[in-house]
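Engineer: Next come the chains, spelled out residue by residue.
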Amino acid sequence: MKKFFSLSLIMILILSMLAGCSTVESAGKANDDNTLVIWTFFGDVKLMAKKFEEKYPNDHVIVKVFPGDQYKTKLQTALQAGGDDAPDIFDLERSYMGKFINSDFPVNLTKIGGEELVKGYVPYVQELGRDKDGDLMAVADTSSPGGFWCKKANAKKWLGTDDPEKISKMVESWDKIIKLGEKINKKSHGKVHLISHFGDVYNVEAYHLQPFVKDKTLQIDDGWKKAYKIQKEIFQNDVGAHLEFMSAGWNNALNEGNVILTAMPAWASFMIDNEDGKAENKYAVAKTPKGLYFGGTYRAINRASDKKKLAYKFLKFVTSKEWQQFNLEKTGNAPALKSVYKDNFDSYTSPLTGHLKILKQYYDLVEDVPAQKAGKYSEDLLGTWRIVAGQGIKDDKDFNDVVTQFKKKVRILYPEIKVK
Amino acid sequence: MKTALDRSRFGFYFVTPFFIIFLIFGLAPILYSLYLSFTSWDGFTDPVFVGFANYKRLLGDTLFFKSILNTMIIWIFSIVPQLILALVLAIILNEKFLRGKNFFRAVYYFPNIVTPVTLGVLFSLMFDWQTGSVNHLLVSLGIIDQPIYWLNSPWLSRIIVATVIMWQYFGFNMLVFIAGLQSIPQELYEAAEVDGANRLQVIFKIMLPLLRPVLLFTMITSIIGGLQLFDAPLMIGDGPENSTMTMVMYLYETAFKNFNYGYSAAIAYAIFIIILIFSIVSLKSQARKKD
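Residue numbers (UniProt numbering), protein chains in the order written: chain A, 1 to 420; chain B, 1 to 291.
The set of hints was computed from the structure by calculation and includes no laboratory data.
Careful, some of the hints might be misleading.
[Unchecked claim] To be clear about the criterion: a stretch of chain B counts as covered by chain A if any three or more of its residues have a C-beta under 8 Å from a C-beta of chain A, and this derived list gives those stretches:
| no. | segment |
| --- | --- |
| 1 | 128–141 |
| 2 | 151–159 |
[As the list claims (entries may be wrong)] Taking CB as the label site, the calculated pair distances span:
| no. | chain 1 | residue 1 | chain 2 | residue 2 | range |
| --- | --- | --- | --- | --- | --- |
| 3 | A | D306 | B | F44 | 15 to 25 Å |
| 4 | A | N252 | B | L69 | 28 to 38 Å |
| 5 | A | E244 | B | L59 | 57 to 67 Å |
| 6 | A | D221 | B | L216 | 34 to 44 Å |
| 7 | B | L69 | A | G43 | 24 to 34 Å |
| 8 | B | I24 | A | D221 | 49 to 59 Å |
| 9 | B | V121 | A | G134 | 35 to 45 Å |
| 10 | B | L216 | A | I417 | 43 to 53 Å |
All C-beta atoms, glycine included, are put in the ideal place defined by N, C-alpha and C.
Based on the sequences and whatever the hints tell you, model everything.
Structural biologist: Next up, the structure:
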């Protein structure tokens, strides 16, 4: 009996030690040739997989969702380690995709005829998926247009109209925004602001200026000086409500209306409280002074995958008109194909904006965004600039001081970049 | 007949799993990190040996030195009020006449069971410039006219982070102090009473001197914990001019935001050396005081 207990104890200890070393099959991955494994941070990919399986009943897709900030580290480790645990397709977010698509991990789609996938795509969407040599490494199934969201009643009260076209005209330049903002600030005794934050200028201008790194050398586009001046004016004249993008106050203002125009991506409409349909038909979307987009989800094929053909078939499906039309109708995610935009100009409406046909505005905005590659450093350096310049504005620093501070930080964080 | 050595074999069997697990999950990553600290590695290509380049870079890295300074400032701002508060509460809650003291001991310990991430989020919402409850309260009480932009000031940001840490750990230290106070022989209090000592004299002549080993224990544990500050400040952010970026936050950002694993391994070893120095100093001072 004693022996039996000690043996059982030893078995339990050994089994619990080995539990972490489960096989791939037990982790949910089937090994047959028709099963694809996708890693993502975005839950909606399950819908995509379901529709793919409906179209191709013999194929099967396993979607593993890893929400949160740790996804990219997990993905990098899995791709490095290789083997059966690595996914066949992996999703990448705009903020770090530049590093992955410029590595050896993804399949070069251009070399396997992938250019056909992005034919007819919004230019900025397809360019972001290219590596430094211009080869296509990843594709998106959506574009991520942003615009000025406003409560119709609020716009009517303070701007005299809730017509998106008229509002767009009123805010077509930063100079107009500053003048209008000052007027509203005065009229409301500082209680109502035209925009949320001077950071809106950064969000709009960032992708219209040259990337910070060219040939491994730091370059600062002259446009940043102009943008900095505008941001300072907005801050000092209380045109913005000093509410940082996606902060608690920003969300309150979006729902309560003490900010008239909130620069926000289409995909962030979940931030509007629409419980029991109370926000339906209450909002309008106007154009920002220049084309605007926020984020983006891209999909690449793992170079080590032995199911590249099936993976390509999946990418072909998600870049198709069929899926993007369905996705637009079902989730409201803006398409990446220009033809899907155009086909829906006169028909597509969303519950929050009621009868308004918002796709034409979004189309104009995404078409206005310059096509730029994701780049290995672009998002990191934009983030660093945003912090340094933001602090400079609050501390009323001169632009040259901000540049000095920025260069100092780049030298510390990225010694491999040449800073003149 | 079995010898003592034969019998002791079973002891080795029992401790073997620990050592196997430690070798795989403890020692191996430690040694691998040491190797990585001599390489340049972004996780996308193979590591390239660069010798002492990462350590050389570290010596000129002003942001790293700033993160050390931030950590020290936050640690001092949290440990001093934390220990004073814990000690005062321990003395009060150790009084015999106090009713319901077990209830208060439990209540003061509660913050310690909340995760630091939650506390970080909670405090960042409380001290939000426009929507934070602290500003709302101060404005409604008429103490301030305009909301204070707490997290835009380097010193206020550090104080807020220190407050989070203080609030989380004062209950734990209070319990440690109560345990220390309860180990003081009752006869000493009685003798003091007979000698006519007042309450303050009892505190300063009996309680505090006999509590010294416990105080040193809390100091050492708080040094190690304080120098590893990470989760709560991470939730509050880097702060203006990186004023709340601690050493471990810098390590995390270098590794997992900038994908610079080689350099972050060097930072990890630098942090290890700093903690080691502080721990040795504490232990030495403890030994000296014992002598």
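Engineer: A separate judgement is required for each hint: does it hold in the structure or not?
Structural biologist: Going down the list of hints, with the structure as the test:
no.: 1; hint: 128–141; in the structure: holds (count 4)
no.: 2; hint: 151–159; in the structure: violated (count 1)
no.: 3; hint: A:D306 to B:F44: 15 to 25 Å; in the structure: 21 Å, holds
no.: 4; hint: A:N252 to B:L69: 28 to 38 Å; in the structure: 36 Å, holds
no.: 5; hint: A:E244 to B:L59: 57 to 67 Å; in the structure: 35 Å, violated
no.: 6; hint: A:D221 to B:L216: 34 to 44 Å; in the structure: 57 Å, violated
no.: 7; hint: B:L69 to A:G43: 24 to 34 Å; in the structure: 42 Å, violated
no.: 8; hint: B:I24 to A:D221: 49 to 59 Å; in the structure: 50 Å, holds
no.: 9; hint: B:V121 to A:G134: 35 to 45 Å; in the structure: 43 Å, holds
no.: 10; hint: B:L216 to A:I417: 43 to 53 Å; in the structure: 47 Å, holds
Violated hints for the displayed structure, listed by number in ascending order: 2, 5, 6, 7.
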